[in-house]
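In our numbering, the protein residues as written are 1 to 336.
It should be emphasised that the hints constitute simulated quantities derived from the structure, not laboratory data.
Treat the hints loosely; a few may be bogus.
Simulated restraints on C-beta separations [said to hold, decoys possible]:
1) LYS139 - TRP333: 31 to 37 Å
2) GLN225 - VAL167: 22 to 28 Å
3) ARG238 - TRP333: 32 to 38 Å
4) ALA184 - VAL205: 42 to 48 Å
This structure is a prediction, so every number in the text was calculated from the model and none was measured.
Just so it is clear, CB atoms sit at the ideal spot from N, CA and C, and this is done for glycine as well.
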Amino acid sequence: MHRLPLLLGVAAEALAALQLWLRPDSLVVVLLAVVFHTLASFFFAQGFWQLLPRRYRLPPRRSLGFLFLILWVLPVLGVLGILWSITSALKRPRSRSARNIKTIPSPELPFSPPVIFPMPPYSQGALRQIVHFAERPLKRLKAVMATRYMSPRDAMMVWAKASRDPVDDVRLLAYAMKDDNEKALTGRILALTEALPDMPSHMQVACHKTIAALCWELVYHRLVQGALRQHWLKTARRHLELVVAPSTSAAADSVDPDSWLLYGRILLDSGELASAKAAFANARANGIDEQKILPWFAEIAFEERKFDEVKRYLSALGRSGEKGRGLAQIKAWWNT
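From just these sequences and the hints, can you work out the full model?
Take a look at the structure:
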C-alpha cells in the first residue's frame with residue numbers, strides 16, 4: 001500500500017521540476033510547480049508514514065504533519081533524508097557502548113544473622129561486669145538488653161548498676177525494663193483487687209492467694225524498694241492471713257502447705273522469726289516436702305545464732321542446688 005503514494009509523489013515532484021525547467025520566468029508556472037510539490041509532499045508523507053515502525057506512527061496527525069512539513073520545506077533533500085532514516089537508521093538496533101555499562105557488586109547485608117546459643121553465653125555476673133567495666137556504651141546497652149531473658153531477680157542486679165550509667169540510653173533502658181516488669185505485676189494486682197468483691201465466696205480464697213503471691217513477687221524480685229517495698233510486703237501478708245488465719249487445729253488440713261510456706265517467707269522477711277518458724281512447721285504438718293523448708297529453718301537458726309542447728313539442717317538437705325547458686329555454696333561451706 002505504501003508504493004502507490006510514493007509513486008504518485010515521484011510523479012508530482014517530477015512534474016513540478018519539469019514546469020520549473022521549461023518556463024521558470026512565468027509566475028503561473030511557479031505557482032503550478034508549488035501545487036505539484038505540495039501534492040508530492042503529501043503523497044510522500046503518506047508513503048513514508050506507512051513505512052515507519054508502529055511506535056513512530058502515533059499519533060497519526062502529528063507524525064503525518066511533521067513528515068509533510070519536512071518534505072515541503074526540503075523538496076529533494078527531505079525525501080532523501082527521510083528515505084535514509086526509514087531504510088537504515090530506524091531498522092538498526094541501538095548501539096550500546098561498553099562505557100555505559102557499570103558493574104555493581106552485590107552489597108553485603110548490613111547485619112549478620114544472630115547466633116543462637118543453646119544456653120545463654122553470659123551469666124548474671126558476667127553481664128554485671130560488662131555493665132560495670134565495658135568502655136563502649138553499645139556493649140553496655142547490649143548487656144542490659146540481654147537481661148530480658150533472665151528472671152527479674154537476677155536481672156535486677158544488672159539494672160541497678162545500669163541505672164547509674166553515665167550514658168542516657170543505657171540508663172533509660174534499664175529504668176524502662178525495670179518499670180515494665182513492675183507495671184505488669186502491679187496491673188495484675190490492681191485488677192484482681194478490684195474484681196475481688198464481686199467474686200463468689202468459694203473463689204475469693206484462691207484470689208487472695210494469687211494477690212499475695214504477686215505482691216511477694218514484687219518484693220522477692222527486688223522490683224520495689226524502701227517504703228514501697230514495705231507496702232507490698234504488708235499487702236501480701238494481709239491477703240495471705242485471710243487464707244491461713246481462720247485455720248484452727250481442727251481445720252488445718254483445709255490450707256494447702258504452699259500457702260503456709262509463702263506465709264512463713266513473708267514473716268521471715270519481716271523479721272518475725274518465731275511466727276515464721278511456726279508457719280513453716282504448719283507447712284510441714286500439712287505434708288510439704290521436707291527439702292523445701294529445710295533451707296528456711298536453717299536461715300531462722302542462723303538469725304537466732306544457733307549454728308549447730310544450721311549445720312544440722314543443711315546436712316539433711318538432699319538437693320545441692322544449681323551449680324554456682326547461693327544455696328550450693330552455703331551448703332558446701334557449712335559442710336566442710
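Going down the list of hints, with the structure as the test:
1. The supplied range of 31 to 37 Å is met by LYS139 and TRP333, whose beta-carbon atoms lie about 34 Å from each other.
2. Take GLN225 and VAL167: their Cβ atoms lie about 23 Å apart, and the range 22 to 28 Å holds.
3. In this structure the supplied range 32 to 38 Å holds for ARG238 paired with TRP333, their Cβ-Cβ distance being about 37 Å.
4. Against the hinted window of 42 to 48 Å, the Cβ-Cβ separation of ALA184 and VAL205 comes to about 24 Å, which falls outside the hint.
In summary, the structure is inconsistent with hint 4 from the numbered list given earlier, while agreeing with all the others.
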